[in-house]
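These protein sequence lines are chains A and B, in that order.
If you read the first sequence in numbering that gives the first Met the number 0, its first letter stands for residue 0, the second for the next number, and so on.
If you read the second sequence in numbering that gives the first Met the number 0, its first letter stands for residue 0, the second for the next number, and so on.
None of these hints come from the bench; they were simulated from the model.
A virtual CB, placed ideally from N, CA and C, is assigned to each residue, including glycine.
Listed next, with one range per pair, are the computed distances between beta-carbon atoms:
1) B/Ala-22 / A/Leu-612: 30 to 40 Å
2) A/Leu-612 / B/Ala-73: 35 to 45 Å
3) A/Gly-606 / B/Val-67: 40 to 50 Å
4) B/Val-67 / A/Ile-642: 18 to 28 Å
5) B/Asn-98 / A/Ala-584: 57 to 67 Å
6) A/Gly-606 / B/Trp-102: 19 to 29 Å
7) B/Leu-85 / A/Gly-606: 35 to 45 Å
8) B/Ala-73 / A/Asn-627: 19 to 29 Å
9) A/Ile-594 / B/Arg-87: 54 to 64 Å
10) B/Ser-7 / A/Glu-611: 52 to 62 Å
Far from chain A, some chain B residues (derived; all Cβ distances over 10 Å):
11) Ala-12
12) Met-41
13) Ser-76
14) Phe-86
15) Thr-91
Partial list, derived from the structure: chain B residues whose beta carbon lies under 8 Å from chain A:
16) Asn-95
17) Leu-100
18) Lys-101
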Amino acid sequence: MSGALPLWLIPALPLAGFLVNGLLGSKLGKRFVSATGVGSVGLATLVAWSRLLPYFSSDHAPAVERVATWVTAGRFTAEIAFRLDPLSALMTSFVTFVGFLIHVYSTGYMHHDETDAGYARFFAYLNLFMFSMLTLVLAQNFLLMFVGWEGVGLCSYLLIGYYYEQPFAPAAGKKAFVVNRIGDWGFLLGMFGIVFTFGTLDYDGVFNAAAADPARYAPAATLLSLCLFLGAAGKSAQVPLYVWLPDAMAGPTPVSALIHAATMVTAGVYMVTRCNVLFRLAPDAMLVVAAIGAATALLAALIGLAQNDIKKVLAYSTVSQLGYMFLACGVGAFAAGMFHVMTHAFFKACLFLGAGAVMHAMSGELDMRKMGGLKSKLPVTYWTFLIAALTIAGIPPLAGFFSKDAILAATFEGGSGIDKVLFGVGLFTAGLTAFYMFRLVSQTFLGSFRGTPEQEHHVHEAPVSMTAPLVVLAGLSIVGGFVGVPAALGGSDRFHAFLAPIFLSLAGAPETGEPGLSHATEWLLMASSVAVAAGGILLAWKWYAREGGRVPERLAAAYPGVYALVAEKFRVDELYDALFVRPFAALARFCWKVIDVLVIDGILNAGAFLVELVGDLLRFLQTGNVRNYALSFLLGVVALMLIVIGTF
Amino acid sequence: MIGSIPLSDVLLASAALFVIGLAGALLRRNAIAIFLSIELMMNAANLALIGYGAALGTREGQVAVFFVIAIAAAEASVGLAIFVALFRHTETIDVNKVNLLKW
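Model the full structure from these sequences, guided by the hints.
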């Protein structure tokens with residue numbers, strides 16, 4: 000690898016951008032901040048691709064580059080080392096690329112309504128995010144991954160709360176931070192367990208040891224996998240920790256696209272795939288992953304049906320798609336899960352950026368009941384959004400079709416007792432996905448305009464810095480799936496073959512090979528998923544675009560209780576509030592009012608009072624009269640002499 | 000000379016001087032009188048030191064006396080300066096009337 004640029008440069012460049020923008024940006028103006036923010040990520044993208052292109056065409060041998068030894072404690076060491084293997088190469092490829100596009104988009108989106116300082120702050124955080132995310136995916140051990148893991152969490156918190164003047168945004172940021180902390184607790188426990196079991200946190204050390212002696216490590220693997228999965232569920236917004244992601248939409252839209260759709264939230268899927276050796280040793284944990292994934296996919300899709308905020312629909316859609324990815328991991332199809340991570344990054348980033356373009360045109364309007372008919376006014380946004388919506392719905396030959404089909408096929412084949420149930424849930428959710436996405440498209444772009452006259456006058460297509468990323472991402476949504484065409488459709492599933500080196504073979508654990516289904520069965524599965532998706536699209540189009548939403552309104556009126564329950568997100572937030580938040584708040588208030596104010600302050604004040612009392616009594620010894628002092632001096636000397644004499 | 004006087008006599012004289020000084024320091028109210036009494040106690044100590052030195056045939060006792068004399072001189076200069084300053088302020092050197100520094 001002589002002559003190649005070092006891997007550490009990839010995260011280091013955005014870090015440099017963060018330092019420059021964070022320290023100097025507010026004084027140097029927007030032009031400078033844009034150049035630094037976009038430039039550093041652009042350079043990182045170039046460096047990354049200068050390593051990735053040779054790598055994609057090579058034999059995919061993992062490259063590990065050590066920078067320094069970080070921690071040494073007894074026999075335990077952790078290094079700052081970066082790893083280029085198929086999995087990290089895949090993640091790096093789209094994190095850098097999508098990240099770069101979203102930086103470009105942000106220069107247009109954030110330009111108007113921000114002060115120089117706010118603009119610099121935004122790009123500094125965004126660069127810090129890129130640094131953390133790239134550290135996360137390129138790390139060679141769990142500890143360095145955790146640095147990136149916490150870094151992206153911090154940036155997520157900072158950027159959700161970016162509009163800190165509004166009351167809701169900081170609260171949403173706090174919620175995201177606290178919920179993520181629960182997951183991070185699981186991740187930490189998992190890491191402690193790994194150190195305890197394997198004595199190292201290095202990927203190669205852990206996974207090779209586990210693969211070499213599966214029978215020995217299988218019992219520990221269940222607990223380790225579940226702990227790690229708790230971390231993944233927090234970061235990737237799975238039941239029961241998904242509640243932070245919809246609120247995270249309080250942040251600026253490019254942030255929603257980059258962090259809360261395309262990259263950070265998929266870190267959990269990445270981590271589970273990275274640890275596939277441990278998970279495959281633990282069938283029970285895999286079953287939990289699959290069940291949680293399916294439950295999340297269904298629950299979030301149901302909630303998404305009844306949301307009217309355009310970003311909320313997309314947020315629940317993200318939660319739902321993340322559920323699909325975990326479903327894939329849970330049935331052992333890690334490659335299918337990662338495939339969906341990649342295609343999802345393209346189409347969901349496109350959808351969010353499209354939503355941002357709509358908001359930009361509609362003066363910040365988010366309620367899609369007040370939109371409609373934007374098709375002719377925002378043609379570029381409309382067509383790119385439509386392509387991305389068809390992609391997420393799973394219409395062939397768009398990217399989402401291949402990745403979703405791979406997941407459904409793997410689920411159908413399954414390995415556990417409940418795989419047919421999981422498959423049914425997955426298929427049903429696919430229909431729901433198509434329905435809510437086209438409800439969104441119909442209400443936003445089709446029909447007649449329902450906003451105010453001022454808004455109608457103001458509507459305009461976004462600048463080219465915003466539409467160009469949309470077009471690129473829509474293009475990727477179209478072609479991105481062709482890297483993983485399954486054998487049943489005459490492809491060779493190069494995606495799966497590419498990722499194969501990260502799945503170490505294990506004795507007695509399920510393999511993660513090609514689905515063993517016959518081609519006829521696969522065709523049947525594809526046909527059914529396409530039929531379900533098409534049905535959802537047509538129904539949404541008929542109800543919302545042609546009939547103007549009368550049928551859903553009647554349905555909502557006929558079953559007000561059910562509708563209210565769904566529209567209010569199954570009242571999960573209220574449940575958590577009653578179960579956790581308020582008891583904890585009460586406990587905190589008890590600690591404050593009783594333990595701190597009464598007990599701790601009481602002890603302190605009692606001590607001070609005692610000292611004061613004694614001082615009040617003793618101060619009368621200070622008469623100010625020299626002769627008294629001389630007398631006590633004499634008495635002291637006499638006493639000392641008596642003591643000295645007494646000891647002889 | 001002093002070697003011809005028995006040590007016990009010297010110590011007796013020294014003790015007598017010391018007790019007189021002590022009584023003066025504790026009982027007198029005039030600051031200068033107290034000061035004189037303290038000098039008296041120091042010289043009682045000097046006498047004891049010389050007596051011991053002569054009885055034991057060593058010079059250390061006499062060396063220590065020189066230190067005590069030097070310190071007494073320094074103390075006298077500081078102490079008298081304080082009394083002058085005190086008198087300027089309060090127009091008295093009665094220590095019973097100078098008791099501002101109290102609770």
